[in-house]
Amino acid sequence: MIRPLRRAHRFAFGVLAILIPVLLVAALLARR
Amino acid sequence: MVFSVLAVFVLGGLVIDPNATIETLMIRASGVGALLLLHVVLAIGPLCRLDPRFLPLLYNRRHLGVTTCALALTHGVFALIQFHALGDVNPLVSVLVTSREYLSLADFPFQQLGLLALVILVLMAATSHDFWLRALSAPVWKALHMLVYPAYALVVGHVALGALQAEHGPLPPTILCAGVALVIGLHVRAAQVERRRDTDHSAGAAPAFIDVCDVDDIPECRAKTVCLAGERVAVFRYDNRISAVSNVCRHQNGPLGEGKIVGGCIVCPWHGYEYEPASGRAPAPFTERLPTFSVRLESGRVLIDPTPHPPGTYLEPARVAAAAERSVVARSADARTA
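Protein chains in written order, with this note's numbering: chain A, 1 to 32; chain B, 1 to 338.
For reference, chain B alone in the conformation it holds in the complex (with noise of 0.2 Å):
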């Protein structure tokens, strides 16, 4: 993919500008590629939220960042090698030295923001494996992969500062301005969206019972997702029955409540962990455990205790088809009395 990506770009650059030389095509098209790449990546988290059909890209996340890493190190291994390797100083002090002129912008050292930039993806595509996720624990790992928003500044910042300054063409700042427009617009519209449906269940949330929907909301093997004291519940619908679970798997909090039971078991719509709805418990020989939380169906209401219980907790599942009888029972009990 790499490779691809260089030719097309190399290719490209070669019409736009027949005299360049192939350190000069490579810089650019590598260059070009991971920033084009860096924005499609940080388009598919809020485009996922936005819309559930984008969710197959976020299975290729990982892999797209990697890339990404890949031809930034490419870009930053040729312009070390263009513009910093020629003379006595090692090149990378020379990246460092070359210019210390912080106040201006036109002279600002950019190259120093692209080399921050690239650590940060070189640290972030080095972590990228599970094995790293389980040794760093999630938390960590979640704190030092969110790092690729101040690389996406300092990746700016790094373009704004270098190549734009020796554009003189209203093209290149367009396309710049609008990928920068296209990442906020999305984080934003996915956070506005985010917050309205945390918020709907949020307010006055006390240690009782809260109705959260009605059970024709939840389709049959699928979850509605609700944000209950400040954490989101995953609501399952399966056989007539109703089971709550944490909504983040214990992988890589996933968001469960977007995927759906498959042979009895919730699937994490990331990479296919599996629970038992009830007890939240993965199948044997899996060890991985998700708080549950009590169900209650009242008038085919459904109301979920927001305390966890401790995970793994088996609690029986509230049955769909009593609900409805109760109903019934609550109904006729109304015409009798009218």
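Excised from the complex, chain A in its bound form (with noise of 0.2 Å):
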């Protein structure tokens, strides 16, 4: 990063970083 990131893009990043694993592991779980 070139400025270190405010607190909404940490937060944003932080939520993205739990979102996408959970969706993906539950989507392959989700398989028939």
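Honestly, the hints are just simulated from the structure, not real lab data. Hints are not guaranteed to be accurate.
As the list claims (entries may be wrong) - Simulated restraints, written as ranges between beta carbons of each label pair:
| # | chain 1 | residue 1 | chain 2 | residue 2 | range |
| --- | --- | --- | --- | --- | --- |
| 1 | A | Gly14 | B | Leu64 | 23 to 31 Å |
| 2 | B | Asp211 | A | Val22 | 39 to 47 Å |
| 3 | B | Arg296 | A | Ala8 | 29 to 37 Å |
| 4 | A | Pro21 | B | Leu171 | 16 to 24 Å |
| 5 | B | Ile16 | A | Pro21 | 23 to 31 Å |
| 6 | B | Thr24 | A | Val25 | 22 to 30 Å |
| 7 | B | Leu136 | A | Ala8 | 15 to 23 Å |
| 8 | A | Arg10 | B | Tyr102 | 23 to 31 Å |
| 9 | A | Pro21 | B | Pro219 | 34 to 42 Å |
As the list claims (entries may be wrong) - Here's a subset of chain A near chain B, in silico, CB distances under 8 Å, partners left out:
| # | residue |
| --- | --- |
| 10 | Ala27 |
| 11 | Ala30 |
| 12 | Arg31 |
Stated by the list, open to error - To give an idea of the chain B side of the interface with chain A (calculated C-beta under 10 Å), a few residues:
| # | residue |
| --- | --- |
| 13 | Leu105 |
| 14 | Tyr149 |
| 15 | Tyr152 |
| 16 | Val159 |
| 17 | Ala160 |
| 18 | Leu164 |
| 19 | Glu167 |
| 20 | Pro173 |
| 21 | Leu176 |
| 22 | Cys177 |
| 23 | Val180 |
| 24 | Val183 |
| 25 | Val188 |
No residue lacks a Cβ here, since even glycine has one placed at the ideal position from N, Cα and C.
With the hints in hand, could you dock these two chains into one complex?
Shown next, in the form of structure tokens:
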């Protein structure tokens, strides 16, 4: 990063970093 | 490049499934190609922050991004023709109404996730030229292009709820999981490294001069980047002089501290924009200006005032030789009093 990340950006990145693996695992578990 | 990626994946698809039609092969090839390139594009940023040897990749990231978009568009168009264009309903409407099982993971309308991701990728590719950077202003442009992360989440959802639901082998989900782990892992690691660098000098940042490093820590014609009061400052050493400017290039926010001084000017590592280190001004006829910072040398240590001067303010560089002399004087004074 060029500048240190703002708090809102850090929060958004954190949400995505948790959401993506959770979504992926849930989708794989739902496979028939 | 689009055609070569497509050709490789179409041939690969033909080997795996010789009975597939050309439309199916194109849908698979363009989809896999776009997904792979998106991972590469997302990995380049953190890789460059972890190791400067990856920097040449950063200069080509925009082209890779546009190629990703072209492949994703090919995937979308072929899928639209194959699955949605043969009925009475408008193909785009058909994508939106094909399934409304929003609460089911197995029957979720994954096409809509892909469509939304495609819209973001097309917006980014369409505004990737410097004209749009100027027209939209750097913060708006940057915010628009940060949408690549929500787009990535949508793409992972599109693949996991779509193609992977029909795949029963362990390999495709394993590869996708590895890709997601790689992208997230690299970003988290780069963030940790940057956070450590930033907190080195931010703690207790007072308006007075702050000791940032030893003069000898800065290689000749290079910079050391330090974080002062929440902003990064590039401290350059050249011809036994030290000057400090904002680390943020006025062109595309490139990291000037990773650049070097060539012909008396700081050269941005991203696109070669140039600035005079003492004044932060781009040489004529260019008009870009950087904020500058006051520098002092004491006993071989570099001290910076964290309050920036207005962009383009000339500041007399600190002289390294003078500082060395001062330290000799200080040492001889110590010897006399001992």
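To see whether the hints hold, each was checked on the structure:
1. Checking the proposed 23 to 31 Å range against Gly14/A and Leu64/B shows it holds: the Cβ atoms sit about 26 Å from each other.
2. Separated by about 45 Å at the C-beta atoms, Asp211/B and Val22/A satisfy the suggested range of 39 to 47 Å.
3. The hinted window of 29 to 37 Å between Arg296/B and Ala8/A holds, with their beta carbons roughly 36 Å apart.
4. Distance hint check: the CB atoms of Pro21/A and Leu171/B are about 19 Å apart, consistent with the given range 16 to 24 Å.
5. In this structure the supplied range 23 to 31 Å holds for Ile16/B paired with Pro21/A, their Cβ-Cβ distance being about 27 Å.
6. A beta carbon spacing of about 28 Å between Thr24/B and Val25/A agrees with the range 22 to 30 Å that was offered as a hint.
7. Distance hint check: the CB atoms of Leu136/B and Ala8/A are about 20 Å apart, consistent with the given range 15 to 23 Å.
8. In this structure, Arg10/A and Tyr102/B meet the distance hint of 23 to 31 Å, their C-beta atoms being roughly 30 Å apart.
9. About 40 Å separates the C-beta atoms of Pro21/A and Pro219/B, a value consistent with the hinted range of 34 to 42 Å.
10. For the restraint placing Ala27/A at the interface with chain B, the shortest Cβ-Cβ distance is roughly 4 Å, inside the 8 Å limit, so the hint holds.
11. For Ala30/A, the suggested interface contact is upheld, since its CB lies about 4 Å from the closest CB of chain B, less than 8 Å.
12. Evaluation of the Arg31/A hint against chain B yields a held restraint, the C-beta minimum of about 6 Å falling below 8 Å.
13. A cut of 10 Å between beta carbons decides the hint on Leu105/B: the least distance to chain A is about 4 Å, and the hint holds.
14. Hint on Tyr149/B holds. Least Cβ distance to chain A is approximately 5 Å, under the 10 Å limit.
15. This hint holds: Tyr152/B has a C-beta 7 Å from the nearest C-beta of chain A, less than the 10 Å allowed.
16. Nearest Cβ of chain A to the Cβ of Val159/B: about 9 Å, under the 10 Å cut. The hint holds.
17. Interface restraint check: Ala160/B against chain A, minimum CB-CB distance 4 Å, threshold 10 Å, status holds.
18. The beta carbon of Leu164/B comes within 7 Å of a beta carbon in chain A, closer than 10 Å, and the hint placing it at the interface holds.
19. With its C-beta approaching chain A no nearer than about 8 Å, Glu167/B sits inside the 10 Å limit, and its interface hint holds.
20. The beta carbon of Pro173/B comes within 5 Å of a beta carbon in chain A, closer than 10 Å, and the hint placing it at the interface holds.
21. Interface restraint check for Leu176/B: the shortest CB-CB distance to chain A comes to about 7 Å, inside 10 Å, so the restraint holds.
22. A least Cβ separation of about 6 Å between Cys177/B and chain A falls short of the 10 Å threshold, and the interface hint therefore holds.
23. With its C-beta approaching chain A no nearer than about 6 Å, Val180/B sits inside the 10 Å limit, and its interface hint holds.
24. With a cut of 10 Å, the hint placing Val183/B at the interface with chain A holds, because the nearest CB-to-CB distance is about 8 Å.
25. Among the interface hints, the one on Val188/B holds; its C-beta lies about 7 Å from the nearest C-beta in chain A, closer than the 10 Å criterion.
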